[in-house]
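Asker: The whole structure should be built from the sequences, with the hints applied where relevant.
Each chain is listed here by its residues.
Protein chains: 2
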Amino acid sequence: MTTILIAGVAVIDFVFSVDHMPRLPEKYRARDAAIVGGGCAANAAVAVARQGGTARLASRLGRDRVGDMIIADLEDEGVDCSLCRRFEGGRSSFSSVFVDTGGDRQIVNFRDETISFDAQWLDQIVPNEFDAVLADTRWPEGASSVLTAARNNSRPGVLDAEAPLRGSEEAIRLASHVAFSAQGLRDFTGQEDLQAGLTAAADQTEAWLCVTDGEAGVAWLDDGAFATFPAFEVNAVDTLGAGDVWHGAFALGLGEGQTETEAIRFASAVAAIKCTRFGGRSGVPDRQETEAFLKEFK
Amino acid sequence: MTTILIAGVAVIDFVFSVDHMPRLPEKYRARDAAIVGGGCAANAAVAVARQGGTARLASRLGRDRVGDMIIADLEDEGVDCSLCRRFEGGRSSFSSVFVDTGGDRQIVNFRDETISFDAQWLDQIVPNEFDAVLADTRWPEGASSVLTAARNNSRPGVLDAEAPLRGSEEAIRLASHVAFSAQGLRDFTGQEDLQAGLTAAADQTEAWLCVTDGEAGVAWLDDGAFATFPAFEVNAVDTLGAGDVWHGAFALGLGEGQTETEAIRFASAVAAIKCTRFGGRSGVPDRQETEAFLKEFK
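These protein sequence lines map, in sequence, to chains F and Y.
Using my numbering, you'd call the opening residue of the first sequence number 1 and step up by one each time.
Using my numbering, you'd call the opening residue of the second sequence number 299 and step up by one each time.
Just so you know, these hints were derived from the structure itself, not from any lab.
Yeah, the Cβ is synthetic: ideal placement off N, Cα and C, and Gly gets one too.
Be aware that a few hints might be false.
To be verified - Going by beta-carbon spacing under 7 Å, a handful of chain F positions derived as facing chain Y:
| # | residue |
| --- | --- |
| 1 | M21 |
| 2 | Y28 |
| 3 | A33 |
| 4 | R105 |
| 5 | I107 |
| 6 | N109 |
Said to hold, decoys possible - Over the 10 Å line for every Cβ pair with chain Y, so calculated as not near, a few chain F residues:
| # | residue |
| --- | --- |
| 7 | T3 |
| 8 | R63 |
| 9 | I115 |
| 10 | E170 |
| 11 | G190 |
| 12 | A196 |
| 13 | T199 |
| 14 | A200 |
| 15 | E206 |
| 16 | G224 |
| 17 | E262 |
| 18 | R277 |
| 19 | G283 |
Answerer: Spelled out as C-alpha cells, the structure:
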C-alpha cells in the first residue's frame, strides 16, 4: 500500500446550519449541526485513507478532550496518528462554523499559541519508509522536517502553499512540488495574475509548481509552458476542505507513481465529488467512486 | 449530606472570546476560547455539588462524543449522573457562544428534536431518598416526574420557571416552589409589572412564588405581601448561567432546612460570586467562599 507522510494541523469544526447568518448579540436556534474534523493536513490524511493509501499524520495537539475527539475521529477514518504529539496543558484547536442557506460561511477559530512550533521531536521519529510527503504551511517547522525526509529518501515532497507563507520559506526550498492556492501564490509573489505569479515563483525555487483556483481549476508550469486543467463541472453544495482533499489526493497520486498531470486529474475528481455533499471532509469519496467518476468524465 | 434531585437539560457551550461580534461571512480569530458545560439543570447541579450537597441529575443525552464530554465534565464536578439516559442515535445539545469585550453575547444552539421527551423511564427509577427537588422547563415531562416524587415524599419541589412555559402547566401545579425568571413570569401571566405578575400567578397555583430579576434582585410573595431582596453589589464580568446557579443553591438551601428567605440570601451570594469570574459555571464558588462572602455582607 502506498504510504503518505503528512505534517500540519488537525482541528475540530462545530458546524451550525442557520437560516440567516447571526448578526446580533441574541439567541439563535440552528436548523442542524455537525461536528466535523478539519484542518489542512488532517483533511488531506482522510482523503489519502479513503482513496486506499496509508496516511501517517504528524500534528501538534493538546492533551485535552478536544484533542481526544480529533484523534478518535481520524483513527475511525483509518489515519495513523502515531506521529501526533499531545502537549500537556496545551489546548487543541477548534472552530465555530456557521453555514447559511445561501452557502455563505462564517468561521471563528481558536488556536492555542502556547503550544510549541518546534519540530525537533518529529525529526527524531520521522520514518524513512513512505512513498510521498505532504505538508501544510500552518506548521512550517513540521513541514521542513517531513520535506527533509522526502529529500533524504528521494521521494516527492508536496507543500500545500496556503497564505500566509511567511515562515515557510525553508519549506518552499525543500519541497519538490509546491501547490499554491490562488491566495497563497499572490501572497508569495505579489502578482495578481496567476500565470505571472507562477513564472515569478519559478525564479525562487526549483520545485515543480502549480496553483489551484477552485472552480477555475488548476494551472501549472510544464517545462516553462503554462498548462491548465479545468475543474470538473459538478453541482457544488459544500466546498469546505475541498483544497485540502485535493492536496491529499495529489500527493497520493504522486506516491503511486502517477505523473503530475495524472495526479492533477485524479485529485480534481476526488475534490469535485466531495463538493457535491454537505459536511466538510465527511463527503470525501472512496477509490471506487473516484474511478467510476473518472471513467464517466473520460 | 443533603441530596438534591434535579431534572432538565445538560449541554456543552463552545465559548469564544472575540474583540467584536462577527457579522460577516468571513474568517475570524478568537482571542481566547473555553469549552464549558451548560444547561439549566446541569449548571444547578454543579452549584449544589460545589456548595457541599449531593446532586443527582436526570437528563436526556445522545450516546455520542458530545454526550461523553458533558457527562465526564459533570462527574469531574462530583455530580451523580446515574439518572441520565443516553439515547442511541440521538445527538447531545451544544452551542456556540461568542462573547465580545463589551460583555455582549451571541448564542447559536443546536438541539436534537428527535430525542424523546417522554419520562416514563425516569418514573420507574426515580429515587425516594432526597431532601429537595429542582426541575427546569426545558424538559416538562422530566419536571413532572421529579416534582411528583417530591410531593410523594413531602419534600420541597422547586421549578425553575424560565420562558417559554407552554407545556410546563402540570409542573407548575406540582411544584411547591416556583421561581420565575422575569421573562418567565411575564410569559406566564402577560403582566409586564413583576408585582402584578406574582399576584396574578398566585391565582393559578398554591405554590410559594418568587421572581429573580438579575441585578434587580429577587421578589416574592410573603403571605400575600410583596417582599424583595436586592442582589449583592459585585463587579459582574460574566452572568452566563447565574440564574441556573441561583436555582441550584436555592434548592439546596431548602433541602438543608433553610427558610425561603434564608435560601434566597444564600443563593444570591453564590450567584453573585459566580458573576465576578469569567467562564460560565466554572466560576461557581465553594461553600467556604460563600460563607465568607455572607459574613462580610452581613
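Asker: All the hints need checking, so say for each whether the structure fits it.
Answerer: Hints versus structure:
1. M21: holds, 6 Å
2. Y28: The hint holds - Y28(F) has a Cβ within 7 Å of chain Y, the shortest such distance being about 5 Å.
3. A33: Check passed: Cβ of A33(F) comes within 4 Å of chain Y, closer than 7 Å.
4. R105: holds, 6 Å
5. I107: holds, 5 Å
6. N109: The hint holds - N109(F) has a Cβ within 7 Å of chain Y, the shortest such distance being about 6 Å.
7. T3: Its Cβ never comes within 10 Å of chain Y, the nearest being 28 Å, so this holds.
8. R63: Non-interface label stands for R63(F): nearest chain Y Cβ at 14 Å, farther than 10 Å.
9. I115: holds, 14 Å
10. E170: holds, 25 Å
11. G190: holds, 22 Å
12. A196: holds, 26 Å
13. T199: About 29 Å separates T199(F) from the closest Cβ of chain Y, which puts it past 10 Å; holds.
14. A200: holds, 26 Å
15. E206: For E206(F), whose nearest Cβ neighbour in chain Y is about 33 Å away, the distance exceeds 10 Å, so it holds.
16. G224: holds, 35 Å
17. E262: holds, 33 Å
18. R277: Its Cβ never comes within 10 Å of chain Y, the nearest being 19 Å, so this holds.
19. G283: The assertion about G283(F) holds, with a minimum of 19 Å to chain Y.
No hint from the list above goes unmet by this structure.
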